[in-house]
Amino acid sequence: MKKSIVIAGVFLIVASMAMMFSPTPIRAAGPLDACVLLTKADAETLFNDTVSSQRAGRVSAPAGNNCTYFFKKKGGAYSVKLIVSSSDEIRSEGIFKSARDVFERQKKARMANADTAQKMKSIGGFGDEAFWNGYDLWIVKGDYLLTVLAHPFLAGSFKSKEAMEKARADQDLSYSQKAATKILLKVK
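Under the working numbering, think of the first position of the sequence shown as 1355, with each following residue one higher.
No wet-lab data here; the hints were simulated from the structure.
Take these hints with a grain of salt, some might be off.
[As the list claims (entries may be wrong)] Simulated crosslink set (DSSO-like; lysine-lysine; CA at most 27 angstroms straight-line):
hint: 1; residue 1: Lys1451; residue 2: Lys1462
hint: 2; residue 1: Lys1475; residue 2: Lys1461
hint: 3; residue 1: Lys1461; residue 2: Lys1532
Use the sequences and the hints to build the structure in full.
Okay, here's the thing in C-alpha coordinates:
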(Lines of atoms letter the chains of each structure in order from A and count residues from 1; the text may use other names and numbers.)
(Lines give C-alpha, C1' and ligand atoms only; values in the text may rest on other atoms or scores of the structure.)
Protein backbone atom coordinates (compact mmCIF):
# COMPACT_ATOMS: atom_id res chain seq x y z
CA MET A 1 0.00 0.00 0.00
CA LYS A 2 2.75 2.45 0.99
CA LYS A 3 4.71 1.53 -2.14
CA SER A 4 1.73 2.32 -4.43
CA ILE A 5 1.21 5.69 -2.72
CA VAL A 6 4.89 6.56 -3.19
CA ILE A 7 4.76 5.48 -6.87
CA ALA A 8 1.59 7.55 -7.45
CA GLY A 9 3.23 10.56 -5.77
CA VAL A 10 6.37 10.26 -7.89
CA PHE A 11 4.23 9.93 -11.03
CA LEU A 12 2.29 13.10 -10.15
CA ILE A 13 5.50 15.04 -9.54
CA VAL A 14 7.05 13.89 -12.84
CA ALA A 15 3.83 14.65 -14.77
CA SER A 16 3.59 18.10 -13.17
CA MET A 17 7.21 18.89 -14.03
CA ALA A 18 6.72 17.70 -17.61
CA MET A 19 3.80 20.09 -18.01
CA MET A 20 5.70 22.97 -16.41
CA PHE A 21 8.74 22.55 -18.65
CA SER A 22 6.88 21.59 -21.80
CA PRO A 23 8.05 23.62 -24.84
CA THR A 24 4.43 24.40 -25.68
CA PRO A 25 2.64 26.47 -23.04
CA ILE A 26 -0.53 24.88 -21.77
CA ARG A 27 -3.35 27.42 -21.73
CA ALA A 28 -6.92 27.14 -20.72
CA ALA A 29 -9.04 28.81 -23.38
CA GLY A 30 -12.34 28.52 -21.63
CA PRO A 31 -14.97 31.23 -21.61
CA LEU A 32 -14.28 34.64 -20.11
CA ASP A 33 -17.07 36.89 -18.85
CA ALA A 34 -17.18 40.11 -20.87
CA CYS A 35 -18.74 42.00 -17.93
CA VAL A 36 -15.82 40.98 -15.71
CA LEU A 37 -13.30 42.13 -18.32
CA LEU A 38 -15.17 45.42 -18.87
CA THR A 39 -16.87 46.42 -15.63
CA LYS A 40 -19.47 49.11 -15.06
CA ALA A 41 -16.82 51.14 -13.21
CA ASP A 42 -14.46 50.78 -16.20
CA ALA A 43 -17.18 52.03 -18.57
CA GLU A 44 -18.07 54.97 -16.34
CA THR A 45 -14.41 55.95 -16.02
CA LEU A 46 -13.92 55.69 -19.79
CA PHE A 47 -16.87 57.97 -20.61
CA ASN A 48 -16.66 60.05 -17.42
CA ASP A 49 -20.40 59.55 -17.05
CA THR A 50 -22.95 57.34 -15.27
CA VAL A 51 -24.18 54.15 -16.95
CA SER A 52 -27.91 54.38 -17.67
CA SER A 53 -28.36 50.66 -18.48
CA GLN A 54 -26.46 47.47 -19.20
CA ARG A 55 -27.04 44.45 -21.43
CA ALA A 56 -25.14 41.17 -21.44
CA GLY A 57 -25.67 37.88 -23.22
CA ARG A 58 -24.42 35.11 -25.45
CA VAL A 59 -23.36 35.67 -29.06
CA SER A 60 -22.77 33.35 -31.98
CA ALA A 61 -20.60 33.19 -35.10
CA PRO A 62 -18.26 33.31 -33.30
CA ALA A 63 -19.58 31.88 -30.05
CA GLY A 64 -18.91 33.88 -26.91
CA ASN A 65 -20.55 36.55 -24.79
CA ASN A 66 -20.93 40.30 -24.78
CA CYS A 67 -21.40 43.14 -22.38
CA THR A 68 -22.69 46.59 -23.34
CA TYR A 69 -23.03 49.67 -21.16
CA PHE A 70 -25.30 52.50 -22.32
CA PHE A 71 -25.13 56.20 -21.54
CA LYS A 72 -27.60 59.02 -22.24
CA LYS A 73 -26.43 62.50 -23.11
CA LYS A 74 -28.14 65.44 -24.82
CA GLY A 75 -31.01 63.29 -26.08
CA GLY A 76 -28.80 60.57 -27.55
CA ALA A 77 -27.70 57.11 -26.47
CA TYR A 78 -24.05 56.10 -26.45
CA SER A 79 -22.34 52.85 -25.56
CA VAL A 80 -19.23 50.81 -24.98
CA LYS A 81 -19.37 47.13 -25.91
CA LEU A 82 -17.08 44.12 -25.53
CA ILE A 83 -17.52 40.77 -27.26
CA VAL A 84 -15.18 38.00 -26.10
CA SER A 85 -14.86 34.52 -27.61
CA SER A 86 -12.51 31.71 -26.61
CA SER A 87 -11.08 29.19 -29.05
CA ASP A 88 -12.90 26.45 -27.10
CA GLU A 89 -16.27 28.19 -27.57
CA ILE A 90 -15.53 28.92 -31.22
CA ARG A 91 -14.44 25.34 -31.96
CA SER A 92 -17.46 23.81 -30.20
CA GLU A 93 -19.80 26.00 -32.27
CA GLY A 94 -18.49 24.13 -35.33
CA ILE A 95 -18.15 27.07 -37.74
CA PHE A 96 -14.58 28.27 -37.14
CA LYS A 97 -11.47 26.55 -35.77
CA SER A 98 -10.14 29.10 -33.29
CA ALA A 99 -9.93 32.73 -32.24
CA ARG A 100 -7.05 33.21 -34.69
CA ASP A 101 -9.08 31.60 -37.51
CA VAL A 102 -11.98 34.04 -36.99
CA PHE A 103 -9.59 36.99 -36.77
CA GLU A 104 -7.80 36.05 -40.03
CA ARG A 105 -11.08 35.44 -41.88
CA GLN A 106 -12.48 38.80 -40.74
CA LYS A 107 -9.32 40.56 -41.86
CA LYS A 108 -9.34 38.81 -45.24
CA ALA A 109 -13.04 39.51 -45.86
CA ARG A 110 -12.64 43.20 -45.12
CA MET A 111 -9.53 43.51 -47.30
CA ALA A 112 -11.41 41.88 -50.21
CA ASN A 113 -13.86 44.81 -50.40
CA ALA A 114 -12.56 48.16 -51.66
CA ASP A 115 -14.75 50.24 -49.32
CA THR A 116 -13.96 48.31 -46.14
CA ALA A 117 -10.28 47.89 -47.08
CA GLN A 118 -9.92 51.70 -47.02
CA LYS A 119 -11.06 51.80 -43.40
CA MET A 120 -8.78 48.96 -42.21
CA LYS A 121 -5.85 49.83 -39.97
CA SER A 122 -3.43 47.49 -38.25
CA ILE A 123 -3.16 48.56 -34.64
CA GLY A 124 0.05 47.71 -32.80
CA GLY A 125 0.45 47.10 -29.10
CA PHE A 126 -2.83 45.26 -28.47
CA GLY A 127 -2.74 41.52 -27.82
CA ASP A 128 -0.97 39.37 -30.41
CA GLU A 129 -2.48 41.35 -33.28
CA ALA A 130 -5.24 43.91 -33.73
CA PHE A 131 -7.05 45.83 -36.44
CA TRP A 132 -9.56 48.67 -36.63
CA ASN A 133 -12.20 48.32 -39.35
CA GLY A 134 -13.55 51.86 -39.09
CA TYR A 135 -16.19 50.75 -36.61
CA ASP A 136 -14.73 48.42 -33.98
CA LEU A 137 -11.39 47.14 -32.71
CA TRP A 138 -10.64 43.43 -33.27
CA ILE A 139 -7.96 41.87 -31.07
CA VAL A 140 -6.61 38.35 -30.92
CA LYS A 141 -4.68 37.47 -27.76
CA GLY A 142 -3.68 33.86 -27.28
CA ASP A 143 -6.82 31.77 -27.55
CA TYR A 144 -9.18 34.73 -27.22
CA LEU A 145 -10.84 37.03 -29.72
CA LEU A 146 -12.03 40.39 -28.40
CA THR A 147 -14.07 42.99 -30.23
CA VAL A 148 -14.32 46.43 -28.62
CA LEU A 149 -16.56 49.29 -29.70
CA ALA A 150 -16.63 52.52 -27.73
CA HIS A 151 -19.14 54.96 -29.18
CA PRO A 152 -19.14 58.07 -26.94
CA PHE A 153 -20.92 61.37 -27.41
CA LEU A 154 -19.32 63.37 -30.23
CA ALA A 155 -19.16 67.07 -29.44
CA GLY A 156 -18.69 69.83 -31.96
CA SER A 157 -20.00 71.04 -35.30
CA PHE A 158 -18.60 69.91 -38.62
CA LYS A 159 -18.30 71.43 -42.09
CA SER A 160 -19.52 68.25 -43.77
CA LYS A 161 -20.93 64.80 -43.16
CA GLU A 162 -17.56 63.32 -44.15
CA ALA A 163 -15.76 65.49 -41.57
CA MET A 164 -18.21 64.35 -38.89
CA GLU A 165 -17.82 60.67 -39.87
CA LYS A 166 -14.03 60.96 -39.74
CA ALA A 167 -14.17 62.65 -36.33
CA ARG A 168 -16.57 59.93 -35.13
CA ALA A 169 -14.28 57.11 -36.35
CA ASP A 170 -11.17 58.75 -34.86
CA GLN A 171 -12.88 59.28 -31.50
CA ASP A 172 -14.37 55.77 -31.46
CA LEU A 173 -10.92 54.29 -32.19
CA SER A 174 -9.30 56.34 -29.43
CA TYR A 175 -11.90 55.33 -26.84
CA SER A 176 -11.88 51.69 -28.02
CA GLN A 177 -8.09 51.62 -27.55
CA LYS A 178 -8.44 53.06 -24.03
CA ALA A 179 -11.03 50.39 -23.18
CA ALA A 180 -8.88 47.63 -24.73
CA THR A 181 -5.86 48.69 -22.67
CA LYS A 182 -7.84 48.13 -19.46
CA ILE A 183 -9.52 44.92 -20.72
CA LEU A 184 -6.30 43.24 -21.90
CA LEU A 185 -4.76 43.56 -18.43
CA LYS A 186 -7.37 41.02 -17.29
CA VAL A 187 -6.83 38.50 -20.13
CA LYS A 188 -4.04 36.03 -19.41
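Tested hints:
no. : hint              : verdict
1   : Lys1451 x Lys1462 : 16 angstroms, holds
2   : Lys1475 x Lys1461 : 10 angstroms, holds
3   : Lys1461 x Lys1532 : 22 angstroms, holds
Consistency with the previously given hints is maintained throughout, with no hint failing.
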